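Which chain is which? The protein sequence lines are E and L, in order.
Note that the first sequence covers residues 1 to 591 in this note's numbering.
Note that the second sequence covers residues 1 to 591 in this note's numbering.
Calculated directly from the structure, the hints in this document are not laboratory data.
Note that the structure is a prediction, hence the values are computed from the model and not measured.
Hints may contain errors.
[Unchecked claim] Pulled from the structure, derived: some chain E residues nowhere near chain L, Cβ distances all over 12 Å:
| no. | residue |
| --- | --- |
| 1 | 100 |
| 2 | 107 |
| 3 | 474 |
[As the list claims (entries may be wrong)] Now the stretches of chain E that chain L is said to cover, found in silico as 3 or more residues with beta-carbon under 8 Å:
| no. | segment |
| --- | --- |
| 4 | 400-412 |
| 5 | 527-540 |
[What the hints assert, rightly or not] Residues from chain E shown here face chain L by an in silico Cβ test under 10 Å; the list is partial:
| no. | residue |
| --- | --- |
| 6 | 69 |
| 7 | 73 |
| 8 | 74 |
| 9 | 94 |
| 10 | 169 |
| 11 | 178 |
| 12 | 181 |
| 13 | 314 |
| 14 | 321 |
| 15 | 349 |
| 16 | 415 |
| 17 | 427 |
| 18 | 489 |
| 19 | 491 |
| 20 | 495 |
| 21 | 591 |
Every residue gets a Cβ at the ideal spot worked out from N, C-alpha and C, and that includes glycine.
Single-letter residue listing:
2 protein chains.
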Amino acid sequence: MADYAPPLDEIRFVLEHIVGLDELSKLEGFEHADLESTMAVLEEFGRFVVDKVLPTNRVGDEQGSHVTGDPDDPTVVTADGFKEVYAQYVEAGWGTVPFDAGFGGGGFPWTVGVAMQEILNSGNMAFAMAPLLTQGALDMLFAHGSEEQKQLYLPKMVSGEWTGTMNLTEPDAGSDVGAVRTRAVPAVDGTYRITGTKIYITFGEHDLAENIVHLVLARTPGAPPGTKGISCFLVPKHLVEADGSLGARNGVTVVSVEHKMGIRASPTCVLEYDDAVGYLVGDESAGMRYMFTMMNTARLSVGVEGLGLCEAAYQRARQHARERVQGRPPGASAGAPIVEHADVRRMLLTMKASIEALRALHYFDARQIDLGHHLPDPAERAAAAELAGLLTPLSKGWGTDLASEITSLAIQVFGGMGYVEETGLAQLYRDARITAIYEGTNGIQAMDLVGRKLPMRGGRVVADLMAQMRATARELQGAGEDLAPIGDRLVDGLAVLQQATEWILANGATDPVQALAAATPYLRMCSQVVGGWLLGIEALAATRSAPAGFAAAKVATARFFADHVLPTVHGLLPTITAGKDDLFALSADQL
Amino acid sequence: MADYAPPLDEIRFVLEHIVGLDELSKLEGFEHADLESTMAVLEEFGRFVVDKVLPTNRVGDEQGSHVTGDPDDPTVVTADGFKEVYAQYVEAGWGTVPFDAGFGGGGFPWTVGVAMQEILNSGNMAFAMAPLLTQGALDMLFAHGSEEQKQLYLPKMVSGEWTGTMNLTEPDAGSDVGAVRTRAVPAVDGTYRITGTKIYITFGEHDLAENIVHLVLARTPGAPPGTKGISCFLVPKHLVEADGSLGARNGVTVVSVEHKMGIRASPTCVLEYDDAVGYLVGDESAGMRYMFTMMNTARLSVGVEGLGLCEAAYQRARQHARERVQGRPPGASAGAPIVEHADVRRMLLTMKASIEALRALHYFDARQIDLGHHLPDPAERAAAAELAGLLTPLSKGWGTDLASEITSLAIQVFGGMGYVEETGLAQLYRDARITAIYEGTNGIQAMDLVGRKLPMRGGRVVADLMAQMRATARELQGAGEDLAPIGDRLVDGLAVLQQATEWILANGATDPVQALAAATPYLRMCSQVVGGWLLGIEALAATRSAPAGFAAAKVATARFFADHVLPTVHGLLPTITAGKDDLFALSADQL
Chain E
1 MADYAPPLDE IRFVLEHIVG LDELSKLEGF EHADLESTMA VLEEFGRFVV
51 DKVLPTNRVG DEQGSHVTGD PDDPTVVTAD GFKEVYAQYV EAGWGTVPFD
101 AGFGGGGFPW TVGVAMQEIL NSGNMAFAMA PLLTQGALDM LFAHGSEEQK
151 QLYLPKMVSG EWTGTMNLTE PDAGSDVGAV RTRAVPAVDG TYRITGTKIY
201 ITFGEHDLAE NIVHLVLART PGAPPGTKGI SCFLVPKHLV EADGSLGARN
251 GVTVVSVEHK MGIRASPTCV LEYDDAVGYL VGDESAGMRY MFTMMNTARL
301 SVGVEGLGLC EAAYQRARQH ARERVQGRPP GASAGAPIVE HADVRRMLLT
351 MKASIEALRA LHYFDARQID LGHHLPDPAE RAAAAELAGL LTPLSKGWGT
401 DLASEITSLA IQVFGGMGYV EETGLAQLYR DARITAIYEG TNGIQAMDLV
451 GRKLPMRGGR VVADLMAQMR ATARELQGAG EDLAPIGDRL VDGLAVLQQA
501 TEWILANGAT DPVQALAAAT PYLRMCSQVV GGWLLGIEAL AATRSAPAGF
551 AAAKVATARF FADHVLPTVH GLLPTITAGK DDLFALSADQ L
Chain L
1 MADYAPPLDE IRFVLEHIVG LDELSKLEGF EHADLESTMA VLEEFGRFVV
51 DKVLPTNRVG DEQGSHVTGD PDDPTVVTAD GFKEVYAQYV EAGWGTVPFD
101 AGFGGGGFPW TVGVAMQEIL NSGNMAFAMA PLLTQGALDM LFAHGSEEQK
151 QLYLPKMVSG EWTGTMNLTE PDAGSDVGAV RTRAVPAVDG TYRITGTKIY
201 ITFGEHDLAE NIVHLVLART PGAPPGTKGI SCFLVPKHLV EADGSLGARN
251 GVTVVSVEHK MGIRASPTCV LEYDDAVGYL VGDESAGMRY MFTMMNTARL
301 SVGVEGLGLC EAAYQRARQH ARERVQGRPP GASAGAPIVE HADVRRMLLT
351 MKASIEALRA LHYFDARQID LGHHLPDPAE RAAAAELAGL LTPLSKGWGT
401 DLASEITSLA IQVFGGMGYV EETGLAQLYR DARITAIYEG TNGIQAMDLV
451 GRKLPMRGGR VVADLMAQMR ATARELQGAG EDLAPIGDRL VDGLAVLQQA
501 TEWILANGAT DPVQALAAAT PYLRMCSQVV GGWLLGIEAL AATRSAPAGF
551 AAAKVATARF FADHVLPTVH GLLPTITAGK DDLFALSADQ L
């Protein structure tokens, strides 16, 4: 049996009851994306991932990616199988599914793309990063590219024949994008010449595609300092002629790839731009503003990397726990599979319940992104986008923290075997660790949550969400003895969240450092309450309409989360409301 | 500047105020181990670790250990520098310090040995595992070896000229030692012939020493099933003649070494015993009972591996945070080192406070082990040993969980650079992950805590400890405005611990599964309360007698722990008292 099977029943249930896909598919352009058609796509994609992508995961980790070829024009060679499987991915058109039909996309909602990302990441996260970065570049060009740029680049990028990259980071500018120093000098023909060094460029160079479209943040001469002076440029590896054919090699060269703890198959490149031809995307000095347009989808996608790893790890741990006979539980007459030990149960249920909560959060967040783009009413679009803005730091921050926690629990279930590379658990754990760092560290997610998102509309966005959660809690409380305790715990959690939110809004308004000091535990608290709420909705829906076995499992899972995971928020309130003083009581030297 | 400097001021403070070394050194045999002499040893040892051992850490990770040599009698070659540095370690006599002077030991308290282990693990955990396993074998032989065995083996093992191993695990017997199948057949000369396969044998074969003394669990013919039928055998790699010289090669062969996520320099061997000559240690079928004699020291030592990694990771993160300029904190006019960001402060203080609490716990636990062996009064010895028994699962479980958490925080402080292997943070994180697994998984530590340790003397051992903690809390509450809030938080934490303890004792008495279901969160809760208590003692002691700067830092650290770390225990009480039902609501198939 394969290490992983796409959890299609769970995905279908979430698409039906959390996303409301049949409602979503009534929006203009999504008419073909009803639940049955969507599940047919996901089923077929799942087979592709299990048959083709999953087998490349371990070999990719073992071989990594390496700089090779002509020293004057080096390239990066990926691990065995990557090139062939990527070609099949392009050939089948899997990358096109959630993109605009006008440029060769499948025209499915973004939510469906997120479901595909989950599955692809469960198969091979390092492989999934090539389409992921292309998606980032695509988002940027769809939103801000000129008509000419769109016609020339989008079809090949939507199909995946060309991949894309995002070039933000420089040696002295990590999280601080405003410190970018790469220069963009205007040329007489209206193009620019780009010069500078970019680091941590995912799939910045590789052998999977015939061209690579780099989107590069740089400064024009005389641009204002900081983030306000940053422009975005399109810099293709090979210049593209007007007819779409490939022209001369452009002045961008891979210098090296990083030797990383995980995602080793994904080449993380240092790129040198030397008088490279670049095309301005949108307006000069608007680069940072443009980055924010794509932030929700990109950050959600990184959260989904976490979800995919969690699911892959959980399935292996569950299987191992069912098979491995060790020790005798109290009262048992003989040795038993370790799944019968209470502490192993605790680990497995923590994994299962957290994953189901996380999947609901991610798909719900994706739905808000879809609604934010496609609802006919502008005010409703804006409200949906605001909710997506509030949820995205949770999707990214919690999803990627859970990625480390849950892959670690899977190792623990395996014991010593999990620490040995052959079982593949260690790779999941190593791969997972980057997700809390890139696309904005989780500290930055938390700062975004308390600094930008909570204050939206004077706190009304979070207040509206809490009102919605309270309504679900009340419904649970009145829905019989199996569901009522879930409602009770949710009420308790919401009370704590309310206190924390009020504290942060009140204290952060006069002193932003107070909000920042509370940010990380607040992100966790908020995520767990939202997770408990979404599992409550699932328990209600399953009780109403799912087969008895599925419904019983949903209720038991929601109950476990409510009793064992959600209440940890009570332990976070004191650190949130303790304030910043303890953090600054010591000087940097005294630490 | 080196990546690591032994935290001698902290260690000295803990030895003085938590261990009471000057009191301890009044016990018979320890007279030379006063604080000044001990610190002189530690200072010199710290220099050795920084100058010699630390430089082998990364090369050891890169090269690992490999099976090599004659296919009929293979050996294991360790990484560059290991052999030379180990020879210097033996030559200087560092391994002898905490052992019985009668066999060439330095006669220092075990607590001093623990301090040395912390430093050695900060330098190179994989290297430290060779002496660690020798220590395990030594403990066994000191306690249960025959006089002849002691004379023949102990001097060379105390010096480190010969190393030792512990052979418990077999392919189908991981945590379940009772399932051991290795056979020991009596020979006419009173020795035994050992046949079977052992796995996960740390430094089971290597090139550091001229002989390796394996202690092997095996079954004699007709022995009862389960743990009651297990005997312990001494099986030297080279047989030892009566005059101590090395004789024939014994029938034990390395088959392979594991390809592990971390501690790659430490060879984890599969050993094949084929009619190997073995000598019974102690009585037949007493092997498991003997294992328990050495359990506290071995488990504490694994916790100390965690402590050493935490300290190494913290020092690097702290240095990086002081130097790395990124972003502008609210109100600042220019970019600042990231140590000035509230969220980075939260990470660094979480690390610092947790490490200081953990060090206090480990050294206090070691002190109890010393008292349990050396107090003149048998009843007081027994009481000290009981307290060590209660604390050891905390030392191991919490210490090794923190190892993963704190090395992870260090990576987070480094951002993307932490994920790149060159900075060395990733190695600490990878190395750390094994510590929660071996020497009894942390789940087993938690089961030991609730199943064996809490019920000691009908719950009086834990009740006595809580009474002692309450006394400290009251003292803090009366010690002025800086210390009183620490006392208040400790009182809150103790109230929660009291409830949890009563729940487990009451419910576990009628249904052991109830206790086991609560075990893991209870271990965490208990550890954090004990940690807060010990930091409270340190804050009181520092206020009384330390220099002003040191005292202020101690108080601020204890205050941070009390306000931000300790209160998370409130979030653990609900999951402890929720009981087992949620864990068993689903069948294994429904998970």
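Verification of the supplied hints:
Annotated as non-interface, residue 100 (chain E) keeps its C-beta farther than 12 Å from every C-beta of chain L; the closest such distance is 32 Å. Under the 12 Å C-beta cut-off, the non-interface status given to residue 107 (chain E) relative to chain L holds; the minimum distance is some 36 Å. Residue-level check passed: residue 474 (chain E) sits 21 Å from the nearest beta carbon of chain L, beyond 12 Å. Counting residues of the segment 400-412 of chain E whose CB lies closer than 8 Å to any CB of chain L gives 4, which reaches the minimum of 3, so the coverage claim holds.
Evaluation of the coverage hint for the segment 527-540 of chain E: breached, as 0 residues show C-beta separations to chain L shorter than 8 Å, against a requirement of three. Violation of the interface hint for residue 69 (chain E) is found here, the shortest Cβ-Cβ separation to chain L being roughly 23 Å, above the 10 Å cut-off. Because the smallest distance between the Cβ of residue 73 (chain E) and any Cβ of chain L comes to about 25 Å, over 10 Å, the interface hint for this residue is violated. With 10 Å as the threshold, the beta carbon of residue 74 (chain E) stays out of range of chain L, its nearest partner Cβ sitting at about 20 Å, so the hint is violated.
For residue 94 (chain E), the interface hint is violated, since its Cβ never comes within 10 Å of a Cβ in chain L; the closest pair sits about 28 Å apart. Here the hint on residue 169 (chain E) is kept, as its CB sits about 7 Å from the closest CB of chain L, short of 10 Å. Checking residue 178 (chain E) against chain L: minimum C-beta separation of about 8 Å stays under 10 Å; hint holds. Checking residue 181 (chain E) against chain L: minimum C-beta separation of about 14 Å lies over 10 Å; hint violated.
For residue 314 (chain E), the shortest C-beta to C-beta distance to chain L is roughly 9 Å, which falls under 10 Å, so the interface hint holds. A least Cβ separation of about 8 Å between residue 321 (chain E) and chain L falls short of the 10 Å threshold, and the interface hint therefore holds. Interface hint status for residue 349 (chain E): upheld, as the beta-carbon distance to the closest one in chain L is roughly 6 Å, under 10 Å. Hint status for residue 415 (chain E) relative to chain L: holds, with the closest Cβ pair at about 5 Å, below 10 Å.
The criterion of a C-beta within 10 Å of any C-beta in chain L is met by residue 427 (chain E), whose closest approach is roughly 8 Å, and the hint holds. With a least beta-carbon distance of about 8 Å to chain L, the hint placing residue 489 (chain E) at the interface is held under the 10 Å criterion. Against a cut-off of 10 Å between C-beta atoms, the interface hint on residue 491 (chain E) is violated, since the closest Cβ of chain L lies about 14 Å away. Proximity of residue 495 (chain E) to chain L is violated relative to the hint, the smallest CB-CB distance being about 14 Å (cut-off 10 Å).
Interface restraint check: residue 591 (chain E) against chain L, minimum CB-CB distance 5 Å, threshold 10 Å, status holds.
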